[in-house]
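Enquirer: This is what each chain is made of:
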Amino acid sequence: MSWEAWVPLLVVASSLLPGLIIFGLAEERVRLRTTFNLFGAVVKLALVALMLWGVFHEHHYEARFGLLPGLELVLRAGPLALLFVTLSAVLWLLTTVYAIGYLEGSPHRSRFFGFFSLCVSATVGVALAGNLITFVIFYELLTLSTYPLVVHRGTEAARRAGKTYLTYTVFGGALLVLGTVWLYTLTGNLDFTPRGFVHDLGPEHAPALVMVFALLIAGFGVKAALVPLHGWLPRAMVAPAPVSALLHAVAVVKAGAFGIIRVVYDVFGVEFAAGLGVMRPLAWLAAVTIIYGSIRALFQDDLKRRLAFSTVSQVSYIALGVAIVGPIATVGGVVHLVHQGLMKITLFFCAGNLAETLGVHKISEMNGAGRRMPWTMAAFTVGAFGMIGAPPIAGFISKWYIGLGALETGQGWVILVLAGSSLLNAAYFLPILHRAWFRPPPDRWPVEHDFGRKETAWALLLPPVVTAALALGVGLLASVPFSPLDWVRLVVQREFYTP
Amino acid sequence: MEALLSAIPWGPVLILLPLAAGIVCFVFPSTAKTVGLLTVTLVPLAVAGLGWRLLAHGVYHHAIGGWGAPLGIDLQADGLSLLMLAMTAVVGFGVSLYATGYFKAEKSGRFWPLWLFLLAALNALFLSGDLFNLYVTLEMIGLAAVAMTALEGARGALVGAMRYLLATLVGSLAYLLGVALLYHGYGTVDLGLLAARVTPSPAAWAALGLMSAGLILKTALFPLHFWLPRAHASAPAPVSALLSALVVKGSFYILLRLWLEIFSPMSGGVAGLLGLLGGAAVLWGSSQALRQTRVKLLVAYSTVAQVGYLFLAFPLAAGMGLTAWSAVVYLAVSHALAKAAMFLAAGNLMRFGGHDRIVDLDRVVQRLPLTAGAFALAGVSIMGLPPSGGFNGKWLLLQAAVTQGRWDIVGVVVIGGLLAAGYIFKVLGHTFTQADVPHEPIAVPARMQWAAVLLAGGAILLGFLAPPFLALLAVGNPFAAGGAGS
Amino acid sequence: MSIASLYALVGVGLFCIGLHAVIAYDHLLRKILAINVMGSGVFLILIALARRGGIVAPDPVPHAMVITGIVVAVSATALALGLMLKVAAATGRAELGDEGGD
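Chains as they are written, first to last, in our numbering: chain A, 1 to 499; chain B, 1001 to 1486; chain C, 2001 to 2102.
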């Protein structure tokens, strides 16, 4: 194997190996564990940067491994893969820093960070997967490595939340494996190919292909929280905040959405899928999820649960962008992968800060939080406005493209959905901002930790500020070459649509 | 070197070595542990030697004492036999390691002779080339297994062992009757010769029915599984591991051989029946496992379910023989590793807490992380999640089923996997939580934990070893003989 | 009907009677005896089927099988009886008890 084949493997290993070592570390070895954690995160980022440079210079990074007769495990650094892997690597570093600060003094940190690292390895594997079977394998590994994180606290409530999480994700996984086997028996090939590899099959296979599509989308839709498969997401909020941040912004939910993107563009080919008549139902399902999630969010008083339902709603923008068959809408949908990730992780980091520093879990307790924690709430405000879709924050860009794409293909009803969703977003975010900035704070916060002159620990403060800045920057500088938007436009042009 | 490796009679070595060692352990109980460990270390080496011989020279034949078939006892080995022998050797090693920590001195002197006799019998079974020899090995296995089940003298174990003994004897007698009919009809008990001579006839049908019935009883296929759950659950942990992992595979192997060599021209309806029973076993066993409140019973019912998977291939083999049978062997070997690991982990849990009630598991992940990890890894293979041997087997099975449009079998496999996830995570979920009545932990020796981890890791590792595994399986073309092959 | 066929039919009959008894009776000693009867039935069939007709000496192979089978049956019966005594000592009666079946 040439050295170039090693790079994708090393990217996965850069969190796998530290994770396995951390499992063996004693609980008290804080500095050693932190070193391994950060070392792994930095190495991964460096390797990703290497791959980015390499791909720009026409290098080819691919690793293959024979799995079963006729099937290979393939890790390949294509442009779409690199987008997701870069997002994962950057956000992992920030979340690691955040988690180290958040879990200060908590029990079982070795176990936590061990599984944390495994989870990121699985996500990176999902990102770099070069065919459907590799994708499915790492996807299932993601389920297995996130379960211990959900039940980490070891309470009865955590155990039951874990049980719910598993019920949904294992069910989704079963559908996924079934769909993959079926597809394999039909086509004999599972490699991701630009514009799909299914179109050679004759029309007599159309019903089977529709069933396969349904199975694959349902399997991915569980993690992507498509209605009615979204039930696990709000209930997984019992997990510690870094887990929610990772699950909702980077790993699990995005893996599901990424899967949907891969299925539509690199397995079926978007034009072929439109010909099968499966894109309309997907668009409707996405639209229903968007509205439903936003409505449920309105009625939540627990901050993390409101954000959870907001995630349910927001991730379906990606599905919607994909289901509107047109390059502009596709750009909007796919780039929302990055944008939503940045904005949502900011919001979750801030929610975690409020909980850790002030003991605030409910929105009704948030009066005057802006006075007490200005930087945190500033970051929150940026994220919230991004969700609503206010320019120039990232969220606006994605919505703009999706709307434009909808108009271009004559599906104007989508504009209504987008507008309605933005209104609902405003309805459930603006009151939070109003409370935080314009209401007087209570005499005593529920459980206050004093950090002296700082509003909270550095490790808790820095990550949300950085991600908020990124969300703002990505939106402001969207037209700059090599911005996520530019990158996605390139991918869509080159690989998704016939030129 | 090569000449030496070719000259050593691996077959007789594999049988006589554990037999002799067993006798030594019986006569000199104080040396039991040492002799036992030495033997289980040498046996894998002998299997490797046999494997080398197979790859270099093709199918292995050895006529004991120079007398060949049809009067003498022939030993033969092809790829399938080799994989079964390797499975036995690896699982045997892991369980032996565990047993050195599990049994106190007095019981040790009784465990080791019985286990070594069992090992000799299993090796003989996988190497046998004729029906009557298979009968003898079946009986040896049965008696040794029953004696081991009753080893510690617990009340539940004694009753379970008695029921097991009665069932196994009835099964053997049915099998023997079938052998008698076949011998009378075709004049030989040698598998190879019978394969050439058997034609559909009343005698052959009767023999097929009797032998299948007997073997199904011994393999605990639904609905003849009644003896298994309590026998496997009440036996000492290492014994349970051996029973579920290896003993049931022995009788299944015979059924598979009979099918491939002799009976497949007559298959048809019987294959469908076996598939139906297999599906029922998967669904029944898994749902019963889900209802259990104690770990060892849960794992035992899981064996009932997993045995069912093996029989799902019979109806599929008509169209895609190679894929279906490869799936079966993969599932059988992965199950052996994973189930042994699970029983060993369950034994650790019992040692640790003094009980194996699921809801009362107390902070196991913190205090017994290796055991929890072993259970989890083994569970991954049992559930058929990637990457693991169980996943590879499940994939091949699904491939065969989907291609032939057998959506009923697809449904059973998918639902079986979901139910398995249910009962595995039922245990794992409770390993994280604290019991209502916390207890002081009793230390579990490191080797007992590591033995479980190693076996579970082996099941996972099998997921990556498909190419060499399938290549070994193909030596001697065991599946082309009777089946339609593909 | 030849003597051999008669023996064979008797053997089949013994096998069936034994099988019925193993399932129907509760007492362990009865079950063990029933299995012995089944075994005898099979051995009888083997011997009967060894006849090769007329003047020719019977086939020795089934005879060898029967001898082996008897040895096995003796060992198995010994184990079964010993186990039965242990079960009786542990549970107070020589029966499998009502946890049977599921």
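Don't read these hints as lab results, they were simulated from the structure. Warning: the hint list may mix true and false statements.
FRET-style restraints, in silico, Cβ to Cβ [what the hints assert, rightly or not]:
id	chain 1	residue 1	chain 2	residue 2	range
1	B	Glu-1440	A	Thr-193	36 to 42 Å
2	B	Ala-1056	C	Val-2010	38 to 44 Å
3	B	Arg-1291	A	Gly-359	38 to 44 Å
4	B	Gly-1072	C	Ser-2002	30 to 36 Å
5	A	Thr-35	B	Leu-1037	50 to 56 Å
6	A	Arg-29	B	Pro-1438	24 to 30 Å
No residue lacks a Cβ here, since even glycine has one placed at the ideal position from N, Cα and C.
Enquirer: Against each hint, give a clear statement of whether it holds in the structure.
Expert: Hints versus structure:
1. B:Glu-1440 x A:Thr-193: 36 to 42 Å: 60 Å, violated
2. B:Ala-1056 x C:Val-2010: 38 to 44 Å: Given about 53 Å between the Cβ atoms, the range is violated.
3. B:Arg-1291 x A:Gly-359: 38 to 44 Å: 42 Å, holds
4. B:Gly-1072 x C:Ser-2002: 30 to 36 Å: 31 Å, holds
5. A:Thr-35 x B:Leu-1037: 50 to 56 Å: 40 Å, violated
6. A:Arg-29 x B:Pro-1438: 24 to 30 Å: Check passed, 26 Å falls within 24 to 30 Å.
Hint compliance for this structure: hints 1, 2 and 5 are broken, all remaining hints hold.
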